[in-house]
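K.L.:
Read top to bottom, the protein sequences are chains A and B. Numbers in the working numbering are just positions in the first sequence, counted from 1, shifted up by 9. Numbers in the working numbering are just positions in the second sequence, counted from 1, shifted up by 59.
Bear in mind the hints are in silico, worked out from the structure with no lab data behind them. Careful, some of the hints might be misleading.
Looking from chain B toward chain A, a few residues come up when the C-beta cut is under 8 Å (computed) [as the list claims (entries may be wrong)]:
1) Ala133
2) Ala141
3) Tyr177
4) Leu222
Cβ atoms here follow ideal geometry from the backbone N, Cα and C, with glycine treated the same way.
The lines below spell out each chain.
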Amino acid sequence: MPIEVYLNQIASGALTGLIYGLSALGLSVIFGVCKIVNFAHGEMMVIAMYAALLAFQWFGLDPLVSIPLVCALLFAAGYALQAGLINRLIDVPDHMQFILLAAIAIAMVSGCLMIFGPNAQNVQLDYAYDSYEIGPLLLDKVRVLAGIAAISVAGLLAAFFRWTWIGKAICACGDNIVGARVTGLNVKHLFALAFGLGSVCIGAAGCILLLLVDVQPFLAVEYTLLAFVVVIVGGLGSLTGALLAGVLIGVSEALAGLFIQPSLKSMFSFGLLILVLLFRPQGLVGKRA
Amino acid sequence: MLTVEKLDLYYGDAQALDGVSLEIPEKAIVAIVGANGAGKSSLIRSIAGMETPARGRIVFEGKDIAGRPSHEVAALGIGQVAEGRQIFPTMSVADNLDLGAISAAAKAKAAESLAYVYDRFPRLAERKRQAAGTLSGGEQQMLAIGRCLMGRPKLIMFDEPSLGLAPALVQEVFRVIKRLHDEGLTIVLVEQNVAVSLKLAQRAYVLETGRIVISGTGDELLHDDRVRQAYLGL
């Protein structure tokens, strides 16, 4: 095969990987601050995809245009979930929280099945088959837009955590929860905000993913696992780590599809996961605990 | 300024505070003395709103604050320098200080407070971009005090501020506390260094297994035989 084929495949894998990274960022923010393992991660993403699908079907909105709407919806849902339910269970043992979130996940998938049915649905965009020629590369327009959107949302989030008082206060809760309490930070409110912001990442990733993937309820489980893989490979709590690992997984999936079979792509992401766990358990960018 | 009346606190079935009553007059230094597990930290945590007492009142400037959440108590003007310093280790010194300005009033005066803190603790100004976790123990203690001051408190509760510090730094911490008091702040001091804290304090209370067993002026307690035997080793 000519070299361009590989390059193209790597580039499109990297662009898809940025979406994986953005999605995993949602998991990472929620775990990093609230210490909650969000087992409903992929389920929330599928709900975001359906929300973007409805916006397209009813109002003809491009999923990229509906990102702010879907993110607002997911933020409200995430905030409410943490403030109304999970905050009450902060002091219970971890496995009870796991069961709560796993139950929420199951309810979400079942809800999607009841409302939307099991069939895959997608959006038909008039630029779906356009592409950009950059040197030897021929990139799908949707993938390029998806990558740009993912980086923009991740960048906005990073700026928020870095430069705003409330963003720093959220980070402080993850850094030292006792310190946050003695300083007088409103920890429960900040936890809920963190869950909301993590959900914003999930919402944005869901909208963007809808450009590339047909949505059906059972995608959820796959994307929950994928987000775990990305976060562990990249290193928990690291924003750049999540994006980098997302790209790595995206590229490995793309090349696996090219060299072997697309259906075997997960084998490579899990292989990568095992290698990282064996040789660099803190993740590529993560700090040693 | 702050009155605690008949406070009872339980952790599950274990009673940590048993009918504790005390009085913190405005602009005083009040020392609380006691062995490990006597309930000193439980008392501070109850006042700060981090524990919910079963019974009793905590009245601050005429308002009963018992059971109110910690962020509300902090906003009313009760600051806390906790045991173990509890800074935010991966965040910069400047961000740590910034986060101390909790209430709207404190945020409005943040620039002024920051200039004051940097003036008082020049080492923090030198290291403002450094991650707080890389500071020495003494510098971290100054940072914890500075962060508390950023909240513009009227009353500061110090929990074991000298714990784990070298002797020269211990003196420095006490100098800082004395100076804050001279500037008009009310201070609650929980210290293992009983002699020094009794010398500083106008009022002092001895806690034993959750009860106040002795109280008086700092000087009285310093010369009380029971205190001398149990806490001063004399």
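K.L.:
All the hints need checking, so say for each whether the structure fits it.
P.N.:
Evaluated hints:
1. Interface hint at Ala133 (chain B): satisfied, since its Cβ lies 2 Å from the closest Cβ of chain A, which is below the 8 Å cut-off.
2. This hint holds: Ala141 (chain B) has a C-beta 4 Å from the nearest C-beta of chain A, less than the 8 Å allowed.
3. Interface restraint check for Tyr177 (chain B): the shortest CB-CB distance to chain A comes to about 18 Å, outside 8 Å, so the restraint is violated.
4. The restraint placing Leu222 (chain B) at the interface with chain A is violated, with a minimum CB-CB distance near 15 Å, outside the 8 Å limit.
Of the numbered hints stated above, those contradicted by the structure are hints 3 and 4, listed in ascending order.
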